[in-house]
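Peer 1: Position chain F against the provided structure of chain D, taking the given hints into account.
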Amino acid sequence: MEDMLFYDRLQFAFTITFHYIFPQLTMGLSLMIVYFKWIYLRTKTEKYNNAAKFFMKIFAINFTMGVVTGIPMEFQFGTNWAKFSELTGGIIGQTLAMEGLFSFFLESSFLALFIFGEKLMGQKLHFLTGFLVFLGSWASGYFILATNAWMQHPVGYEILDNGKFVLENFSALFTNPWLLPAFLHNQMASIVTSAFVVASIGAFYILRNKHSEYGKLFLKTGVIFGLISSVLVAFPTGDWNAKNVVKYQPATFAAMEGIFETEDAGAEIVLIGQPNMVDKKLDNKIAVPNILSFLTYQEWDRQIAGMDQFKKEELPDNIPALYYSYHIMVGLGTIFISVMLLAIFFLWRKKLYTIKPLLWIIMFLVPFPYIANITGWYTAELGRQPYLVYGLLKTSEGVSPTVSSGNTLFTLLGFVALYMLLGLLFLILVGKTINEGPKPKSH
Amino acid sequence: MEIFWYIAIAIVLTAFFILDGYDFGAGIIHLFFAKKEKDKELITKSAGLFWDSNEVWLVAAGGMLFMAFPTFYASVFSGFYLPLIIVLWLIIFRAIGLEFRGQFKYQMWKDIWDKSFGISSLLLALFFGIALGNIIRGVNLGTAENGISAHEAHYFFLPLWDSSFSPLTTHPGVIDWFTIIIGLIAVVTLTIHGANWIILKTNSSINNKLKTVIFNLNIVLTLLTIFSIIVWQIVNPNALDNFINKPYLLIFPIIYLIGLIGLFFIKKIQKNSHAFLLSTLVITGGIWFSLASLFPVILPSINNVNQHLTIYNTAASEYGLSTALIWGVIGFILIFVYMIIQNRLTSGKIDNMDYGH
Numbered sequence: 001m002e003d004m005l006f007y008d009r010l011q012f013a014f015t016i017t018f019h020y021i022f023p024q025l026t027m028g029l030s031l032m033i034v035y036f037k038w039i040y041l042r043t044k045t046e047k048y049n050n051a052a053k054f055f056m057k058i059f060a061i062n063f064t065m066g067v068v069t070g071i072p073m074e075f076q077f078g079t080n081w082a083k084f085s086e087l088t089g090g091i092i093g094q095t096l097a098m099e100g101l102f103s104f105f106l107e108s109s110f111l112a113l114f115i116f117g118e119k120l121m122g123q124k125l126h127f128l129t130g131f132l133v134f135l136g137s138w139a140s141g142y143f144i145l146a147t148n149a150w151m152q153h154p155v156g157y158e159i160l161d162n163g164k165f166v167l168e169n170f171s172a173l174f175t176n177p178w179l180l181p182a183f184l185h186n187q188m189a190s191i192v193t194s195a196f197v198v199a200s201i202g203a204f205y206i207l208r209n210k211h212s213e214y215g216k217l218f219l220k221t222g223v224i225f226g227l228i229s230s231v232l233v234a235f236p237t238g239d240w241n242a243k244n245v246v247k248y249q250p251a252t253f254a255a256m257e258g259i260f261e262t263e264d265a266g267a268e269i270v271l272i273g274q275p276n277m278v279d280k281k282l283d284n285k286i287a288v289p290n291i292l293s294f295l296t297y298q299e300w301d302r303q304i305a306g307m308d309q310f311k312k313e314e315l316p317d318n319i320p321a322l323y324y325s326y327h328i329m330v331g332l333g334t335i336f337i338s339v340m341l342l343a344i345f346f347l348w349r350k351k352l353y354t355i356k357p358l359l360w361i362i363m364f365l366v367p368f369p370y371i372a373n374i375t376g377w378y379t380a381e382l383g384r385q386p387y388l389v390y391g392l393l394k395t396s397e398g399v400s401p402t403v404s405s406g407n408t409l410f411t412l413l414g415f416v417a418l419y420m421l422l423g424l425l426f427l428i429l430v431g432k433t434i435n436e437g438p439k440p441k442s443h
Numbered sequence: 001m002e003i004f005w006y007i008a009i010a011i012v013l014t015a016f017f018i019l020d021g022y023d024f025g026a027g028i029i030h031l032f033f034a035k036k037e038k039d040k041e042l043i044t045k046s047a048g049l050f051w052d053s054n055e056v057w058l059v060a061a062g063g064m065l066f067m068a069f070p071t072f073y074a075s076v077f078s079g080f081y082l083p084l085i086i087v088l089w090l091i092i093f094r095a096i097g098l099e100f101r102g103q104f105k106y107q108m109w110k111d112i113w114d115k116s117f118g119i120s121s122l123l124l125a126l127f128f129g130i131a132l133g134n135i136i137r138g139v140n141l142g143t144a145e146n147g148i149s150a151h152e153a154h155y156f157f158l159p160l161w162d163s164s165f166s167p168l169t170t171h172p173g174v175i176d177w178f179t180i181i182i183g184l185i186a187v188v189t190l191t192i193h194g195a196n197w198i199i200l201k202t203n204s205s206i207n208n209k210l211k212t213v214i215f216n217l218n219i220v221l222t223l224l225t226i227f228s229i230i231v232w233q234i235v236n237p238n239a240l241d242n243f244i245n246k247p248y249l250l251i252f253p254i255i256y257l258i259g260l261i262g263l264f265f266i267k268k269i270q271k272n273s274h275a276f277l278l279s280t281l282v283i284t285g286g287i288w289f290s291l292a293s294l295f296p297v298i299l300p301s302i303n304n305v306n307q308h309l310t311i312y313n314t315a316a317s318e319y320g321l322s323t324a325l326i327w328g329v330i331g332f333i334l335i336f337v338y339m340i341i342q343n344r345l346t347s348g349k350i351d352n353m354d355y356g357h
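Going down the list, the sequences are from chains D and F. Position 416 of the first sequence, counted from 1, bears residue number 416 in full-length UniProt numbering, the numbering being contiguous throughout. Position 285 of the second sequence, counted from 1, bears residue number 285 in full-length UniProt numbering, the numbering being contiguous throughout.
Looking at chain D on its own, in the form it has when it is part of the complex:
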């Protein structure tokens, strides 16, 4: 039973982590494509249209990967988490089915038209199809976040005698106080990823002295989008989320901030330190007094509950992993803001395209928004443990009762092998597209 739960969790973690590499780019990138296309409509400068079409190629590759790795996500609710599906399907089935009906059809129908239909439709309609693709991809994110918000902070339900959750109030699913902050935070973070990808490709072109006209356009657009989005990720959206966690999941908050002991007045904010689960303290800690209380409540000496205030079974089951996920996300977020501020400063002084060290940094920064996005999700998911539905349904109660650990390990190994191949092909294709550059291909 124990190792069955372990393999089920590992398989879900692995497949969702790999899957989320792709939608986080497509959601942000679709916005930037719409932006390029819009500027093209306004200025009629061919460069912007080529930029939109170039990123559409990258979008399309990511979209394919997102689709083929996304279908297993939906299946896995039933295959590996059957008990969870049976008990909560009446509620989260609603939001997941809505995602299918309202966003996937929209996205996939108009994506094909956007890619193949420019000549058929004319520029205004072409812009419109691009906008609908953007709308579809964001709607998809919204329904997934609505599903997750219900698991983090269940609302609008009733529990029957047989343990089943039944929907009692449909609109509560969408007015869930957890939903909007989480959605906006997630969307801003996906814009960060796409902005860094765009800027990184720009820096690459300038450094290689190839397609450098586009390089400058991409870099400039990337850093502008990058600065705005990385600020918005932290404030106000990240702040709203932290306040929700402290309000609805106080035990999670204590664990992710690494507060082992409640202090009498004013909680410190931990910058660095390693959780020591034996002695219940942080090793090698560097912390600033009272800041956490101020950030959370705008009061310097307000008390914040530490882990000592909670029973062991209420606390997340992997505190170090949660603590590191959260601190990696926050740390990277801070670095993103700093680098983008520097880039904007040099852009304003008209020196950005010539400062090589900064261009190298921007180029190599590209994996880190992915890491920040994924550790952000780990924070949400590890923080919700040991529950699937916070406070109500334990993770161990959600697994499929008849699937043995041997079968789960078999499929996990299969997914690992297949996704390695997929990842390799993805890198080859994206690399090829970037190398070819934004010049329109002649057929």
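Quick caveat, the hints were computed from the structure, so don't treat them as lab data. Using N, Cα and C, we set each Cβ at its ideal position, and we do this for glycine too.
Which bits of chain D does chain F cover? Going by a derived footprint, with three or more residues having C-beta under 8 Å, they are:
# : segment
1 : 75-82
2 : 97-107
3 : 159-173
Peer 2: For chain F alone, kept in the frame of chain D given last:
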């Protein structure tokens, strides 16, 4: 309300098998009949332009099943664990075959992805047929032994096969001689359907030859159909009772027959879209014929300890179902609008459309 969602999901699943069915079929044709590079390219394109919007129907069907019949969704998805995950892998292989083939000009690269596309299309068609076979055969719900269930009555787990490969044992596997017959029917049907699609959408050089292929496969399909009806009686003697009690359900076997008979005139049919319509009728009739034979059961229990899963004992709450009706109708109207727009813009032969990003 249960009946409404049952029908809605059946429609979405049928749409999936009609739409993605033609690109599975195109894959099978590609594997066996396309020899020239030009034809291979055209056939890949005729599937590659549309597969992702076609597969959305599968995702939608899954989501709706989850929402409307959560107990059934949980039971079937965990019970058919291995075949479902294998189907997922095949879907991935097929998609990368389609998407990556045209990216490099090397012959070896193309050959690899051609085989990946063709073989996974073939296996997917077979597996989907086997799945249907499993549903109409039924499973040992609750894994009962000597009258006692090993776990909750609506759960089960099927191995891929049992050494006897017989549907008549107490613990049949996913693959047995009965489900394989249904699997073959699916392969032949979708191959015909895919051939019709290629004739309709491309000017490939094998179009004329494909008509002969369709004619010959249709003979095979007719024989398999007759054979399967006979053995179905062995597997389940009451299989056709529903049609005696509710004669109006006979409309579905009739639809199937119209398609099947019509396809024998494939060489005389002037409009290619009519031939495509006939294979669409075969698919639709076949699926609904099978579903109607079970109704209102959706997964029969082959032991007499635990009762069948029906649309009534697996459904979500009345409030949930009726709320979903409101957004469901809006959603379907929107999808209908997208389809009209998409069809208008991609009508006609696809030979000259851009493909390969």
